[in-house]
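Student: Dock chain X against the given chain S, drawing on the hints supplied.
Protein chains in written order, with the working numbering: chain S, 3 to 221; chain X, 28 to 239.
One should not assume that every hint holds.
Residues from chain X that face chain S, not an exhaustive set, calculated with beta carbons under 7 Å [unchecked claim]:
#1 Arg101
#2 Val104
#3 Ser112
#4 Tyr114
#5 Asp116
Interface residues of chain S toward chain X, partial, derived using beta-carbon atoms under 7 Å [said to hold, decoys possible]:
#6 Arg20
#7 Leu89
#8 Leu91
Treat the hints as calculated values from the structure; they're not laboratory data.
Virtual Cβ for every residue (Gly too), placed ideally from N, Cα, C.
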Amino acid sequence: MIRVAWLVAAKDLRIERRSRVLLWQVLPFGVMALLLSGLALGAAHAGHSNAAPGLYYLVMVLVALLMINRSQVIEGSPGTRASVATLGLDPAGVFLGKALALAVELWLTGVVLLAGAVLVLHTALGGTLSALPSVVVTLGALAAAGTLYGALSGGGQGPATLLPVLSLPAFAPLLIAGERSFSAALYGGALLQWWVISLVALVAYLAIGILLYGVLEES
Amino acid sequence: MVALSDAVVLVGGFPLLSGVNLELSVTSLNVVTGANGAGKTSLLRLLGGLVTLTSGTGVVCGVDLRSGDLRELRRRVGWLGHEGSFYDDLSASENLTFAAKALARPTSEIAGVLDRVELSSRATTPAKQLSAGQRRRLGLAWLLLRRSELWLLDEPYASLDDEGRTFFDQLVGDVVKSGATVVVSAHDPLRSSALAPRTITLAGGLVVGDHL
Chain S
3 MIRVAWLVAA KDLRIERRSR VLLWQVLPFG VMALLLSGLA LGAAHAGHSN AAPGLYYLVM
63 VLVALLMINR SQVIEGSPGT RASVATLGLD PAGVFLGKAL ALAVELWLTG VVLLAGAVLV
123 LHTALGGTLS ALPSVVVTLG ALAAAGTLYG ALSGGGQGPA TLLPVLSLPA FAPLLIAGER
183 SFSAALYGGA LLQWWVISLV ALVAYLAIGI LLYGVLEES
Chain X
28 MVALSDAVVL VGGFPLLSGV NLELSVTSLN VVTGANGAGK TSLLRLLGGL VTLTSGTGVV
88 CGVDLRSGDL RELRRRVGWL GHEGSFYDDL SASENLTFAA KALARPTSEI AGVLDRVELS
148 SRATTPAKQL SAGQRRRLGL AWLLLRRSEL WLLDEPYASL DDEGRTFFDQ LVGDVVKSGA
208 TVVVSAHDPL RSSALAPRTI TLAGGLVVGD HL
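Chain S with its partners taken away, still in its complex shape (with noise of 0.2 Å):
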């Protein structure tokens, strides 16, 4: 399972890498998304307001609804689903490694968007580097849970509509537990406890995309 896991990994990479789609497409978006906030926030408020962290996360979740979808499309034609299902590659091995490259390239977008956050969002560089942690626990779950749901929505073969409608219900709690590990790291409070349930959260998808990835798969 690990040696097929460092191998889809190692793939998925290498696809992004090599296209630059996260280098000059989701990144972007993401900056720009970010600094969209900042203006909707106001040039008065942007350094006064609790809401930088809330509106972080939220512009991660749409970054990551992007390179959820870009994770299964790399796989979806129908030529290469038939010929990489012949591999017979263990399915939990192959959620492993793709949640893996999602969270390498979610962690790649989320420091470069806390830089992006310091700078539009005014937020205390002292506090979002402490917040980093949480940040890296809360990007992983989202990379699982998003794994997982964009093979629920079809793999790449769906619309793509379905992915954004059956994850964020699923999205939402994590959202929730990173925003206010966020702010508690930024003004004080419960980190530690956000941070744990982001850390359970985690677990759990992994252990749920271990199990059912190859139903899914086969579905």
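Tutor: Chain X alone, transformed into the frame defined by chain S:
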């Protein structure tokens, strides 16, 4: 190698195969012909364990299609689709490396396989930049690397020129001689008289002709 009896495949209530009876022997070349929608691709997908048997019985490579492990069957067949069978953003060599590692085969075989399909000079070219013929050769390299018992080739002649067809026929002939069973779906019977395949004609999801 293959034994199907009254094999029915339904997808969404629509019959893709309506009761196919078919036996294929080991080390044979078989061509499945028929009009669009006759069930050629569905038959190949059934043989590859890529769709489930709705009713009837079937055994492929010793795996029961009703009760056996379809994942085990898939490991033993090689599939070449007409749409392309690999990751477009990866090079020819990278695609084969992925397949080799997935199958726990040594990557040292890749250079030889690329040479066999005359793609050595395009080893580092992304698959999406290869011509239709070169993509088909890459698909063959993928199958050669796998050394499958059963080759399932879905419309392999689509968009191939005469040179490509000849190359393809020669390689398929060699593969059959080396002990594999090959099933090719095509609109028309094979032109190469040297291969002398068995030709199975489908219509409406049923076998309506079978000629040696």
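Student: Out of the numbered hints, which ones does the structure contradict?
Tutor: Violated hints: none; all satisfied.
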